[in-house]
Amino acid sequence: MRRPDAVGWSKPLVALLALMPLVLLVLAVLHDTLGPDPVSRLEKHTGIWALRLLLLTLAITPLRRITGWSALLRYRRMLGLFTFFYATVHLTVYLVIDLGGFWSQIFTEIAKKPYITVGFAAWLLLIPLALTSTRGMMRRLGRRWGQLHKLVYLIGVLAVLHYLWQVKFGQTIAVRQPVVYAAILAALLLARWRPRRQAMAISARRAPGRSPAPAPPP
Amino acid sequence: MPTRRPPDLPERDVTPEAIFHDRRRLVRLLALSPLALAACSQKGEAGAPAPAPPPAPGTALSFTPNPAFRTRGPLTSWQDVTHYNNYYEFGTSKSDPARYSGTFKPQPWSVTVGGECEVPGIFAFEDLIKGIALEQRIYRHRCVEAWSMVIPWVGFPLGVLLKRFKPTSRAKYVAFTTVDRPGQMPGLSYPVLDWPYREGLRIDEAMHPLALLAVGVYGRVLPNQNGAPLRLVVPWKYGFKSTKAIVQIAFSETQPVTSWSQAAPDRYGFYANVNPEVGTVPWSQHTERRIAGAGFSLFGNRIATRLFNGYADQVASLYAGMDLRRDY
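Same order as they appear, the protein sequences are chains F and G.
Per my numbering, the first sequence starts with residue 1, numbered consecutively.
Per my numbering, the second sequence starts with residue 219, numbered consecutively.
Hints should not be assumed to be uniformly reliable.
In the DSSO-like style, the derived pairs of lysine-lysine whose C-alpha atoms are separated by at most 27 Å in a straight line are [stated by the list, open to error]:
no. : chain 1 : residue 1 : chain 2 : residue 2
1   : G       : 381       : G       : 348
2   : G       : 312       : G       : 348
3   : F       : 112       : F       : 44
4   : G       : 323       : G       : 312
5   : G       : 348       : G       : 384
6   : G       : 348       : F       : 112
7   : G       : 348       : F       : 44
8   : F       : 113       : G       : 384
9   : F       : 11        : F       : 113
Pulled a few chain F residues facing chain G out of the computed Cβ check, cut under 7 Å [claimed, not checked]:
no. : residue
10  : 37
11  : 68
12  : 100
13  : 102
14  : 178
15  : 180
Just so you know, these hints were derived from the structure itself, not from any lab.
Heads up, the beta-carbon is just placed ideally off N, CA and C, and yes, glycines get one too.
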């Protein structure tokens, strides 16, 4: 085991930061400051944080390229797992607290409301990514790990769609938030296009055969 | 679904404030325990007694409670009724109406009456309601966004007023228009709807004794954010039918064009009767989240939506022979 360096030390701090939104939500529940419809606020905030963490996770690769600070990569798994964590809390709030008592409705809800179908699909796709996030799984899957984890792009698109779709009629004009998230996602995905060919060129120039760890997904 | 008679809830049953707040604290503590889930989800309609009456804001009205119009279950608190509603003229967020309606001037006020009636004219608000006895009615309020409230309105039957204008035999519909004051209503600068806000009812719907014109809520003059000084309350229809801050009433032979059905005809019909079987994408209307009682409740808020918002006994006959799926 290697001794923790600056990144190693800062990781618990980043984890604590990532937990703060949930802590604040729990406090808000305890102090009854979530307004008249606390359930919808819980749904909204847990969902937003899942999306924010997803975008942060997706920002690591471009940020690393811009700053040249490759240690950033070491935060990525944790951010990805927190994405899954908030998405799961989000879904749990919806299923257990919001739909509570109307379990029979769950399947019709998931199947019939397009934004719920899409959101649920995004959560389902996060599961294999979370399950294969361990070092052991990375090693075992090898190249296929990178291919599997490209699913995160699809998840991003589904998550943004899930958000855009439920903006109430008329608010498309007044509320820009979901559009901003969609734009950030688009920028993060676009940032991967051209430099990828460069990356391929770089790796082609490298001596083949010696790769220290499984290649990070693009 | 048969409607049960509402139980009597006399004033003496209202929980004293101290005990009431203590109860909230207890519920709050319980809410964190997963064990509380089962206990809390029993609430639904037959829940706790009504919350304490509101603090001071607003002028008190004199009225008589009408015991014929009551609703089972706890009332929605004054705070929630007045701080969580849709009134797009002040903004599209449900906290906007309370936040941005402070400079709105509900007095002096006048209403223009026209169309197929014998007594058209411009009537001052005071003259309009002169001699009409105010009553309190506790109605369920169902928003098309699938949340609902229980609200003690103060007002009078719409029909009582409409008859004063002597609608002619050609008056098959009546249309209502909300005031349009960009200077006092910041939401009007967004082209969300084709302003001013217009709604309408068929004349038999308008004359139905359940249709109410409200001038107050919780025993006090309507706050600006709830549609002061005069608003419609049609409890068996989705909330958007209940026009706020009415400045115009027009009788017509043909069905008036209404704002929401104009903006999104596939989602919002002219009738907009509460109907769990007729869903409008992206919402289904099978259930609703009831905002009522202590204000703090995480569990057990979801209840089944009833046809005509539970007023089928009274209003179903208005729609005999109609296909409610087509005429939504």
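Results of checking the hints against the structure:
{"no.": "1", "hint": "G:381 with G:348", "verdict": "holds, 14 Å"}
{"no.": "2", "hint": "G:312 with G:348", "verdict": "violated, 33 Å"}
{"no.": "3", "hint": "F:112 with F:44", "verdict": "holds, 20 Å"}
{"no.": "4", "hint": "G:323 with G:312", "verdict": "holds, 20 Å"}
{"no.": "5", "hint": "G:348 with G:384", "verdict": "holds, 17 Å"}
{"no.": "6", "hint": "G:348 with F:112", "verdict": "violated, 51 Å"}
{"no.": "7", "hint": "G:348 with F:44", "verdict": "violated, 47 Å"}
{"no.": "8", "hint": "F:113 with G:384", "verdict": "violated, 46 Å"}
{"no.": "9", "hint": "F:11 with F:113", "verdict": "violated, 39 Å"}
{"no.": "10", "hint": "37", "verdict": "holds, 6 Å"}
{"no.": "11", "hint": "68", "verdict": "violated, 42 Å"}
{"no.": "12", "hint": "100", "verdict": "holds, 5 Å"}
{"no.": "13", "hint": "102", "verdict": "holds, 5 Å"}
{"no.": "14", "hint": "178", "verdict": "violated, 13 Å"}
{"no.": "15", "hint": "180", "verdict": "violated, 16 Å"}
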